[in-house]
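Go ahead and model the full structure; you've got the sequences and the hints to work with.
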Amino acid sequence: MFSDAPNNMSDQHQGSIKILQDTARQYIKLQLLFWGGYLLLNLIFMGLWGAKSFFLLILFLLLSIVLASMTHALRYFYKHRAHAWPLYKTALYLLWALPLLALAAQALMVGLTRLLVFVFPVLIANNQPISIGGLLGYAMNYCIMLTLWCAIYLLRAEFTKRRHSEVAYWQLQAQLKDNELQFLRSQINSHFLFNAINNLRTLITEDAQAARKGMASLSVLLRGLLQSDSQQLVTLRDELDWVQGYLYLESLQFEHRLSTHMEIDENLLTAKLPPLVMQTLVENAIKHGIAARRQGGELRICIQRISTEYWQIEVQNPLPEFQPMHIGNQIGLRNTRERLHMAFGHKASLDLEFSTLVTTRVQLPL
Amino acid sequence: MKLLIVDDSRLARKELQNLLSRHSDLYVVAEATDVKTAVAAINEHQPDIVLLDIHLPDGDGFDVLEQADYTPQVIFTTAYEQHALRAFELNALDYLLKPVTQERFDLALERRAFKSLDPVPTTAIAISKPLPKTRTDQVFVRDGERCHFIKLSNIYLISVEGNYVRLYFQQSKALLAKSLNYIEERLDPSVFFRANRQQIINMDYVDKIEPWVNEGLIVTLHNGESVEVSRRQAKAFKHNLEL
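These protein sequence lines are chains R and Z, in that order.
Residue numbers for the first sequence follow our numbering, so the first one is 1 and each next one is one higher.
Residue numbers for the second sequence follow our numbering, so the first one is 1001 and each next one is one higher.
Hints listed in this document are in silico derivations from the structure and should not be mistaken for laboratory results.
Beta carbons are placed, not taken as given, at the ideal position from N, Cα and C, and that holds for glycine.
It cannot be assumed that every hint is accurate.
[Unchecked claim] Label pairs and their computed distance ranges (CB to CB):
1) R:A216 - Z:T1101: 48 to 56 angstroms
2) Z:R1146 - R:L100: 28 to 36 angstroms
3) Z:L1107 - R:T205: 20 to 28 angstroms
[As the list claims (entries may be wrong)] Going by beta-carbon spacing under 8 angstroms, a handful of chain Z positions derived as facing chain R:
4) K1014
5) E1015
6) N1018
7) R1022
8) D1058
9) G1059
10) A1079
11) L1096
12) R1104
Structure follows, in structure tokens:
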């Protein structure tokens, strides 16, 4: 009835910042390891070939930087444009983008080499012209490296994305369910609550004793609503206290339009059920049966044992004459059904039967 | 001033009576518990003000206003703020949340009473004259999600649309689930003129009159819209103007 949902927005926000920082750190690690490793490999191969030169060292370093910059640009593109694309679309783009990038890298390297030679003529001795085939071979090499990099990055990114969207999905579902519940509770009960208070206000001058009884009923009911933990079961005795308090307050609203007939097996008073389940049934019966009839009607409640292992609550109300004002019946019942399921699994059930009367039947294990 | 209380809870009605006890200028002509009895009470007693509960066993307060032949000043009462109430334009109505404090109640009544005693603007004088079937100066229309209280003096054109009629007023329009004949019967014929089978025009909004084929007339309204007056009605129209 009263919302006390924790405000965990800031928690979530901080959480997402932390995840972002983590991924940024991982990314930098990937870049350093990958292109650092590539540089190292190149140097090792250079050493194996016996071509030890400072000039080549500089060139390989530049190469790693160029390729790292290119992958950084690719990442930028992925984050800002392609992250929502399906994987195959990204792959199709890469299919033509990577060879082009490799060629561009090669062109850049040739340019840089020329520049280096121009600036440091000392190095001329080591500068041997490379054939077109050789250039393409290098480009192929770069292309393979870029592809490898993209494969690693995309695998990681897609995996994280999938995990995040799954988590976000379930969080959203839970949030929605919670909101729906809160909303329903506040809507349904506040209407009843303020009518009850309004009626009690007049009753104080008309019949002080009845008003005192009404106040006591109201507090019993409020205590039930506010203090009951939806996770824990209550005894039928407690539940009946709330239902009777509720019915007394509704009798002030409906007066002669509401009559109640109760049959309760006293041996079941210690049986357990999720809190406010029966109250919900009774509230529904009044709202959709009694309230939508000019002359009102009779509410019948029957609680009995039906076998050695099961007992049942049966609430009956006359059919409405008019379209009831409130919607949400189905949601209320669905919610009750879920709560029963959570408490007892398949051992509990809730059924609705329409004939000349509407019968709501809840079966529970003992 | 005459007042009607509509609420299905006896205690709630009594509470309103308590709140009314200090208003000696108002007297409660009737109490009603549902849409049916409320509509009957409004038609019979023609109250100046209705205290109207939104939730009723056989419908809602809006149904009452739609079905009644006459639209009084309305103060809605409800136990909780409801979406439907926000469909109204600002100031179009007042509503009270139960339980109502005496101060809030007095304020609402003051506003309503003041409204009904408002000096009537010139265009509305003709309308405030006793009308054939009603002496109301406003109608209630629920058009889908939107609700309007429309001053008759603001309506310039009423035209048939299927089985219903569409009211054109100020910058808007609304569909009313009544027949054109029904509407015509209830309006002052010297103000609201049946131009043809399809349309009724408000004479106060007539800008220009020109002869038309077949001894008919073409009437141009203030907004430039032209309406044809059939030959049968042209004579009555001229007669109307001579008055």
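Going down the list of hints, with the structure as the test:
1. In this structure the supplied range 48 to 56 angstroms is violated for R:A216 paired with Z:T1101, their Cβ-Cβ distance being about 25 angstroms.
2. The supplied range of 28 to 36 angstroms is broken by Z:R1146 and R:L100, whose beta-carbon atoms lie about 59 angstroms from each other.
3. Roughly 23 angstroms separates the CB atoms of Z:L1107 and R:T205, a value that falls within the hinted 20 to 28 angstroms.
4. Satisfaction of the interface hint for Z:K1014 is found here, the shortest Cβ-Cβ separation to chain R being roughly 5 angstroms, below the 8 angstroms cut-off.
5. Interface hint at Z:E1015: satisfied, since its Cβ lies 4 angstroms from the closest Cβ of chain R, which is below the 8 angstroms cut-off.
6. The beta carbon of Z:N1018 comes within 7 angstroms of a beta carbon in chain R, closer than 8 angstroms, and the hint placing it at the interface holds.
7. With 8 angstroms as the threshold, the beta carbon of Z:R1022 stays out of range of chain R, its nearest partner Cβ sitting at about 15 angstroms, so the hint is violated.
8. With its C-beta approaching chain R no nearer than about 5 angstroms, Z:D1058 sits inside the 8 angstroms limit, and its interface hint holds.
9. Proximity of Z:G1059 to chain R holds as hinted, the smallest CB-CB distance being about 6 angstroms (cut-off 8 angstroms).
10. Because the closest C-beta pair between Z:A1079 and chain R is about 4 angstroms apart, less than 8 angstroms, the hint holds.
11. Taking 8 angstroms as the C-beta contact cut-off toward chain R, the hint placing Z:L1096 at the interface is violated, the least distance being around 11 angstroms.
12. The interface hint given for Z:R1104 is broken, as the beta carbon of that residue sits about 13 angstroms from the closest beta carbon of chain R, more than 8 angstroms.
This entry does not satisfy hints 1, 2, 7, 11, 12, going by the numbered hints stated previously.
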